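Enquirer: If you want the building blocks of each chain, they are given just below.
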Amino acid sequence: MSNLVEVRNLKIQATTDAGRLVEIIKGVSLDIADGEIVALIGESGSGKTTLALSLMGHARPGCRIAAGEINVNGKDMAALSEKERAKLRGTDIAYVPQSAAASFNPASTIMEQVIEVTRIHRLMPPEQARKRAVELFRALSLPDPDNIGARYPHQVSGGQLQRLAAAMALIGDPKLVIFDEPTTALDVTTQIDVLKAFKSVMRAGGIAGVYVSHDLAVVAQIADRILVLKGGEVQETGTTAQILSAAQHPYTQELLAAFEPKPRQAQADADAATKPLLSIEGLTAGYGPAKPDGLPLVRAVDSVSLVVEKGRNLGVIGESGCGKSTLARAIAGIHPAAVGEIVFDGKELEPAAGKRSRDQLREMQIVFQYADTALNPAKPVEDIIARPLAFYHGLDKRARSKRVDELLDMVRLPKALRYRHPSELSGGQKQRVNFARALAANPKLIICDEITSALDTVVASAVIELLKELQRELELSYIFISHDLSVVEAICDQIMVMYNGERVEQITPDKVKAPSHPYSKLLFSSVPKLDPTWLDGLVRDPELVSQYGHR
Amino acid sequence: MTTRAAASRRSLLGHSYNLVGVAAALVILAWTLVAIFAPYIIPHPIGDIVDDDYFGPMRQGLWLGSDYLGRDMLSRVLMGARYTVGISLAAVSIACFSGVVLGMIAAVTGGWLDTCLSRFLDAMNSIPSKLFGLVVVAAVGSSIPVLILTLAVIYIPGAYRFARALAVNINTMDFITVARVRGESTAYLIGSEILPNIIRPVLADFGLRFVFIVLLLSGLSFLGLGLQPPLADWGALVRENIGGLPFAAPAVIVPSLAIASLTISVNLLIDNLPQKIRDRDA
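If you read the protein sequences in the order shown, they are chains A and B.
Okay, so the first sequence: first residue is 41 according to my numbering, each after it adds one.
Okay, so the second sequence: first residue is 33 according to my numbering, each after it adds one.
Just chain B, same shape as in the assembly:
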């Protein structure tokens, strides 16, 4: 390790971390707090028209300007965080939980179960994600539960593939053989022997998939198939204010920046997760 790399890493509680990771974690924490407390901190109700002009500039009282109807942009972005973060988090949790559990079961059980599951989910994987989202939303209409389930279903095959690939490697280790000849059940094998060994990459994958879902949700909303007015997530905010682009209105730039800051922060955090210091004598 060079001295420069050593200097940029600090240590705490037996883990070393670097400043980029900390900054990214702070941004994510800030957005999470905003998502939780949005109703209490917004200066204006999101539906109220508070500006005489549309696409108003930033000024006192309307810190981020106004949107295409003259509504307060700050309030709308803060409330949008709720939907973007909430829906994505719910979807990614469902996707990763089912994908990882199925993946580990397939790896441990093997045989026809593995083959059927893998081929079925490969087939799912081959459907373009945006198209699938469009078809489902067009068929059953757009609501928050439908959006969450659709996004989750789209990302289950990826999580499954990832977890299965990791679990297959662990499954060949001798300690799994030892547990098998001890007579352990599949549930014990996946929960106690395999999961602890793949949890770190799985968490990294969780973060990455969260970013994909934020982007896909924003994409769907941008196309008008996501959240329906007057509710709006960040993607919807970009879409409804796209007309402000010629005027350089903050209304179109701010939600884009919000999406960028969240997704980039999650990515940076994954790349700079704290590392456990392995130092036998320290």
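Isolated chain A (complex conformation):
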């Protein structure tokens, strides 16, 4: 046999609550040569993780491998017994999960967990395993490789933990490593280090890999070949360069198109004097007990000032932990600011939402990142959207029902959806309902807190388009908070860069190519490009990285 992995006509079925059989993988064939990295790309629900797990002979609870062969290193994983599969896992095939933070045991040290594989499979004595682990730590460019193993998982950063999870996978000298969205939860500046480390280790060891992701740009950096999945079927397969430059399948083209959002047309009256809708002076908010000077112990947002003009959008960008969400919550009054002046539509606002008037609350709406938790799972969509109508506008039942239809239409959802519960909607649909509820209040300003980060690229770009359209129709203003530069670029007139609770720089989208502040430079240069040579060609100022990067 010529290839390390040969999957033939694989079918995986799941049983629903009603006892109905659903095919998740509908006859997929796939080859991986020795040392080749193949990326599985597709939207959520396309079956990419299910396919990746099946290479280990594993099917998640409720699923089973119904037909087909999974030959890995000459053995049919589908036909082996669970005991025989267990022998191969960790030695022949290894797995790097999406969330390393959830996969490490917080109660034991990192070294113990990294060398656990060698203990279970009796590969080498513990002393030798520790040495090997330190070599891997060094190869993955982790800081202080000799001693990092003695730490506990909560004592290292997210990006480091993800690399440690890779070390755990590599210690058994596997022939195939499965990466399941390993950088999705990381900041762009961190993601680069992790990707670089993965790539160099895999190349040095000649290890074959399967890289599951929905981010085409990340995949372009690391994969030799790309397999595009949708609805459990392979849509297109080809080398990375082929897929990126000459995609054949419409779905692949859609994915590529979504990656380059149409830049926002500069408004015709850009120079005309506009009235400020919201202006904030020296806002400070944080956590912990107040110090004698009235400031909180930990300042998450430190004297930030900003202005949002009527009908214009402000983007706030920064990595996780930079205080951008706290800023949003302080403006909305959820987390009252300690110091600072918030003037909204000509009137000064109380810091706490509870003291603001009903109209002030109505005119400023906030939309959260996770529609899953922002929508009450026990209520149908119509009740969720109708509540602000009854609460703010006092509409009777018939008027409410009519308005709910209009709002659903506005966010491009079919009317029949109003009887569904949130759990019966897709991620993009949920986010639209979430947005429709904010629109129901007839606001002047909508604060969007990372509303597209939980969505797939294609769905996210559709949501952004919708937001732009609604703005034209309803004269809204947005404060758009995100860690994704391309999203902010697509919709905002002004971009504010935050770092460590402070406003670093404010620029317009057309000047993104030439930021003046060093942190903005680092941030903007870290956004992956579709060009497969981008990562290898990337040269970052080491001084900048050591100053602002979290390594």
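In case anyone wonders, no lab produced these hints; they're calculated from the structure.
Bear in mind the structure is a predicted one, so any value in this text is a computation, not a measurement.
We put the CB at the ideal spot given by N, CA and C, even for glycine.
Heads up, some of the hints might be wrong.
Simulated restraints on C-beta separations [stated by the list, open to error]: (1) GLU583(A) <-> GLY223(B): 52 to 62 angstroms; (2) LYS455(A) <-> SER224(B): 20 to 30 angstroms; (3) GLY322(A) <-> GLU216(B): 22 to 32 angstroms; (4) SER42(A) <-> GLN307(B): 46 to 56 angstroms; (5) GLY75(A) <-> GLN307(B): 21 to 31 angstroms; (6) LEU145(B) <-> GLU583(A): 46 to 56 angstroms.
If you want the ones that stay clear, here's a sample from chain B, every Cβ over 10 angstroms from chain A, calculated [stated by the list, open to error]: (7) ASN50; (8) LEU58; (9) VAL59; (10) ILE60; (11) SER125; (12) VAL133; (13) GLY142; (14) SER161; (15) SER175; (16) VAL200; (17) GLY215; (18) GLY239; (19) GLY256; (20) LEU289.
Computed cross-link-like contacts, DMTMM-like style, restricted to lysine to aspartate or glutamate with a CA-CA straight-line distance of at most 25 angstroms [said to hold, decoys possible]: (21) LYS437(A) <-> GLU216(B); (22) LYS442(A) <-> ASP399(A); (23) LYS419(A) <-> GLU216(B); (24) LYS442(A) <-> GLU509(A); (25) LYS442(A) <-> GLU216(B); (26) LYS395(A) <-> GLU216(B); (27) LYS484(A) <-> GLU216(B); (28) LYS561(A) <-> ASP255(A); (29) LYS395(A) <-> ASP146(B); (30) LYS127(A) <-> GLU76(A); (31) LYS387(A) <-> GLU216(B).
Go by the hints and put chain B onto chain A.
Expert: The following block gives chain B in isolation, referenced to the frame of chain A:
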């Protein structure tokens, strides 16, 4: 899901249920009907001595034998259902309603109200339940209202703790934050946003607490502090006929079986509640 598990579950009206749950529900339904219609179906008045012998065996006319005074056991068990089910149901309704409402208010309001309520009810919880019942009944005498209130007070702290723990989790969700910044009142938050999300575990807890109360009421009656003669619930029936144990009299076994069948059925029903089928395309 294995094929065996799939076979033992049936579906109806978008819910799937299994046979154990149905059987348990039927037993509970039967006891409820008995409790409602007892006065019309008893063959003899409960106070009448109808047998020449005491602890009589089962025979025609006296289907469950006679008790220690020669009264008809069937009639007494049927009427006992009334008191056991009625008092327990009233007590558990009061306990769960007040406990759950207080728990949700504490979770939503937080701050000093939460602290005071929680500490006060924790203190209540630390009093042994049977002892508390004994003291109250000894102090104010035993009557049906006193029994209901005592049992309710004993079980409020547990219901409060349970509901608060559930509500605290829901309270951190974003949709609660959204409702708060909309300016909603506490009443709306607990009634419309939190309650629908905790109602299933709260109902399960309701059933479980009902079982505890049946057992505690039976215990109190067994000690002679529950219902007073000539009225008798199942616990009292066991106590007054305990002398029949050496004779293997049905009079002592039947009320025990009645208590067991009701409590076990409620437990089984809670474990096998119908589940809503979540199947988007079906």
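Enquirer: With reference to the structure, classify each hint as holding or not holding.
Expert: Status of each hint after checking the structure:
1. At about 58 angstroms, the CB distance of GLU583(A) to GLY223(B) agrees with the hint of 52 to 62 angstroms.
2. In this structure, LYS455(A) and SER224(B) meet the distance hint of 20 to 30 angstroms, their C-beta atoms being roughly 23 angstroms apart.
3. A beta carbon spacing of about 31 angstroms between GLY322(A) and GLU216(B) agrees with the range 22 to 32 angstroms that was offered as a hint.
4. Taking the beta carbon of each, SER42(A) and GLN307(B) are about 49 angstroms apart, inside 46 to 56 angstroms as hinted.
5. At about 48 angstroms, the CB distance of GLY75(A) to GLN307(B) disagrees with the hint of 21 to 31 angstroms.
6. Roughly 54 angstroms separates the CB atoms of LEU145(B) and GLU583(A), a value that falls within the hinted 46 to 56 angstroms.
7. Every CB of chain A lies more than 10 angstroms from the CB of ASN50(B), the least distance being 13 angstroms, so the non-interface label holds.
8. For LEU58(B), the non-interface assignment is confirmed: its Cβ lies about 24 angstroms from the closest Cβ of chain A, beyond the 10 angstroms cut-off.
9. Listed as a non-interface residue, VAL59(B) keeps its Cβ farther than 10 angstroms from every Cβ of chain A; the least gap is roughly 27 angstroms.
10. Residue-level check passed: ILE60(B) sits 25 angstroms from the nearest beta carbon of chain A, beyond 10 angstroms.
11. A cut-off of 10 angstroms between C-beta atoms confirms that SER125(B) is not in contact with chain A; the least separation is 22 angstroms.
12. VAL133(B), annotated as away from the interface, keeps every beta carbon of chain A farther than 10 angstroms; the closest lies near 18 angstroms.
13. The claim that GLY142(B) is not at the interface with chain A holds, since no C-beta of that chain comes within 10 angstroms of its own (minimum 13 angstroms).
14. The Cβ of SER161(B) sits about 33 angstroms from the closest Cβ of chain A, beyond the 10 angstroms cut-off, so the non-interface label holds.
15. The non-interface label for SER175(B) is consistent with chain A: the shortest C-beta to C-beta separation is roughly 41 angstroms, beyond 10 angstroms.
16. Non-interface status of VAL200(B) relative to chain A is upheld: no Cβ of that chain comes within 10 angstroms, the nearest being about 15 angstroms off.
17. Listed as outside the interface, GLY215(B) is inconsistent with that label: its C-beta sits roughly 5 angstroms from the nearest C-beta of chain A, within the 10 angstroms cut-off.
18. Distance check on GLY239(B): its Cβ is at least 20 angstroms (rounded) from any Cβ of chain A, clearing the 10 angstroms threshold; non-interface status holds.
19. At the 10 angstroms boundary, the C-beta of GLY256(B) stays outside the reach of chain A, the nearest C-beta of that chain being 46 angstroms off.
20. Non-interface status of LEU289(B) relative to chain A is upheld: no Cβ of that chain comes within 10 angstroms, the nearest being about 37 angstroms off.
21. The straight-line distance between the Cα atoms of LYS437(A) and GLU216(B) is roughly 19 angstroms, inside the 25 angstroms bound, and the hint therefore holds.
22. Taking the CA atoms of LYS442(A) and ASP399(A), the gap is about 23 angstroms. The hint holds against a cut of 25 angstroms.
23. Among the hinted pairs, LYS419(A) with GLU216(B) is consistent with the structure: their alpha-carbon atoms are about 17 angstroms apart, no more than 25 angstroms.
24. Only pairs whose Cα atoms come within 25 angstroms are accepted, and LYS442(A) paired with GLU509(A) is accepted, the gap being roughly 21 angstroms.
25. The straight-line distance between the Cα atoms of LYS442(A) and GLU216(B) is roughly 23 angstroms, inside the 25 angstroms bound, and the hint therefore holds.
26. For the suggested pair LYS395(A) and GLU216(B), the alpha carbons sit about 12 angstroms apart, so the restraint of at most 25 angstroms is met.
27. Proposed proximity of LYS484(A) and GLU216(B) is supported: the alpha carbons are some 20 angstroms apart, at most 25 angstroms.
28. Pair hint LYS561(A) plus ASP255(A) holds up; C-alpha atoms about 22 angstroms apart against a cutoff of 25 angstroms.
29. At most 25 angstroms may separate the alpha-carbon atoms for a hinted pair to count; LYS395(A) and ASP146(B) meet this at roughly 22 angstroms.
30. Annotation: proposed proximity of LYS127(A) to GLU76(A) holds, straight-line Cα distance about 23 angstroms (limit 25 angstroms).
31. Between the alpha carbons of LYS387(A) and GLU216(B) the distance comes to roughly 22 angstroms, so the proposed pair stays at or under 25 angstroms and holds.
Checked against the numbered hints given earlier, the structure breaks hints 5 and 17 and satisfies all the rest.
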